[in-house]
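Trainee: Read off the chains here:
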Amino acid sequence: MIGEGIQSTNQRKHSYVQDRVEVGFFTDPSVCIGCKACEVACKEWNEVPDDGFIWSGNSYDNTGHLGASTWRHVMFLEQDRQKGNQVTGPMGLPGDPQSEDPFRWVFLSDVCKHCEEAGCLEACPTGSIVRTEVGSVLVQNDVCNGCGYCVVSCPFGVIDRRPEPLHDAGGAFKCTFCYDRQKSGLVPACAKVCPTESIVFGRLDDLRALGAKRVQQLQQSGYSDAQLYDPTETSVRGIHAFFLILGEPEAYGLPPKPQIPTIYLKSAWTSAFATAIASIIVTLVAFAFFS
Amino acid sequence: MPTHYEPLESPVKNALYSRDTNPVVNWFTRQENRFAPPGDPRFPFVLTTYRLTEHHTAGGMSRFLSHLAELQPELFAEMSPELATELKVKNGDYISIVSLRGAIESRALVSRRMRPMHLNGKTVHQIAMPFHFGTSGPVRGDATNDLVPISGEPNVTIMEAKALACNIVPGRLPRGPAFEEWIKKYVPQGGPPNLHPEQPPPGASPGPAAGGHSQHGKTDSR
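Note that the protein sequences, when read in sequence, are chains A and B.
So that you can map any letter, position 191 of the first sequence is 191 in our numbering, and since no number is skipped, the others follow by simple counting.
So that you can map any letter, position 210 of the second sequence is 210 in our numbering, and since no number is skipped, the others follow by simple counting.
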């Protein structure tokens with residue numbers, strides 16, 4: 001928590017890996033200042049290469065989306081909506097000085113959600129993607145053969161294969177939840193550097209309680225559209241990196257009902273089986289009629 | 001008593017006094033360092049400069065680091081949708097920005113974060129540009145400081161780089177000999193170096209009021 005100094009769960013050493021405690025990220029855009037320190041710290045610690053120097057023209061967001069070489073992505077949303085109960089006035093427009101011209105600039109640091117039931121993990125044929133002691137989903141890049149099944153299986157579009165000519169090209173990459181740091185008792189790099197503790201790292205059950213409290217606090221202070229994004233009702237069954245969002249999840253590129261592809265296995269196999277039976281019957285009937 | 005003076009280049013007259021600018025400022029009057037008079041119709045827009053979190057000063061230390069440079073890879077000028085409509089410019093288009101000191105090009109970033117201002121009954125548009133770009137490194141761009149005049153606040157000799165007058169021309173800036181022809185259309189060559197009515201001629205003493213780092217007005221009391 002902010003204000004706890006080096007005693008904050010974002011700063012102090014821990015033994016979550018040794019104790020096999022489920023950990024998580026709680027990301028709160030209501031205090032994010034859009035400094036992108038998480039993006040830079042992530043790339044620096046994990047030695048992630050740049051993915052092009054392209055100016056997007058979309059506010060200050062020149063990152064675009066998560067990918068093989070972007071494991072943290074700060075979104076910049078410019079919305080014609082009121083922020084909390086902030087009164088803006090006509091914002092420089094001529095006319096009625098009492099008229100409201102609501103506007104808000106919302107920042108949200110997006111990351112791999114480390115799903116409870118992970119689509120990428122279930123699709124991986126090599127066993128490269130594993131569940132760690134702390135509940136995060138880890139890609140072991142020395143095992144990955146670059147088949148790309150995980151890329152299409154991720155309900156959030158997080159994981160991707162790294163293109164040529166970058167190093168380790170062909171393999172799939174995503175946020176590691178700084179598993180290497182956590183094994184040594186360190187906090188993930190993004191949470192460690194977050195100056196406002198918009199990214200909170202800690203025990204997942206503590207964070208869920210903190211998130212619920214924060215939503216209540218914001219709603220009482222006029223942020224009537226504050227809600228938690230933690231899809232526990234769908235086949236993903238909850239995420240380890242969950243978010244507080246202002247407004248609808250679609251505005252942040254978050255699917256309102258994410259589903260993992262393996263839930264379609266039963267219906268897929270049933271229809272395959274039915275097709276097989278049907279074609280055998282058709283063949284036998286054809287022989288019966290024409291022989 | 002606190003007071004208010006207009007910036008050295010301003011689209012309006014001072015609403016508080018008959019004098020527009022700070023009387024003790026050092027203007028450093030030179031032909032290359034001319035100031036537009038108040039409300040100059042050739043330079044109707046206000047330009048302000050600012051920093052981005054991703055870069056440091058003129059970018060000499062941050063433009064060469066890929067982790068930082070990829071987050072802000074190009075120079076841009078933020079403008080309101082109202083100004084973009086007036087200039088017939090879309091988000092991401094190239095625009096040329098010209099002041100009495102020079103001209104640069106950048107991309108237009110149209111955002112409702114920028115709003116038109118209403119000063120003395122007229123609508124004044126403002127653009128905002130970071131000054132972190134230059135001619136080398138993985139990300140390059142024109143230097144916004146090329147537009148900025150040199151002036152000296154008398155105590156600490158910090159120049160006024162946050163408010164200046166400019167003109168905006170849609171499209172990219174021509175380079176080479178074509179630039180010389182282009183700039184003549186927008187900036188008058190020749191003429192007196194002190195265009196601002198309150199600006200002293202070149203070489204004039206800043207006066208005893210200009211203390212601080214100025215050589216004038218200092219007395220040795222020992």
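Hints are supplied without guarantee of correctness; some may be wrong.
Unchecked claim - Below, computed lysine to aspartate or glutamate pairings styled on EDC-like, alpha-carbon distance capped at 20 Å:
no.: 1; chain 1: B; residue 1: K90; chain 2: A; residue 2: E78
no.: 2; chain 1: A; residue 1: K192; chain 2: A; residue 2: E78
no.: 3; chain 1: A; residue 1: K83; chain 2: A; residue 2: D101
no.: 4; chain 1: B; residue 1: K90; chain 2: B; residue 2: E74
no.: 5; chain 1: B; residue 1: K184; chain 2: B; residue 2: E153
no.: 6; chain 1: B; residue 1: K90; chain 2: A; residue 2: E122
Hints listed in this document are in silico derivations from the structure and should not be mistaken for laboratory results.
Trainee: Sort out which numbered hints this structure fails and list those numbers smallest first.
Mentor: 2, 5, 6
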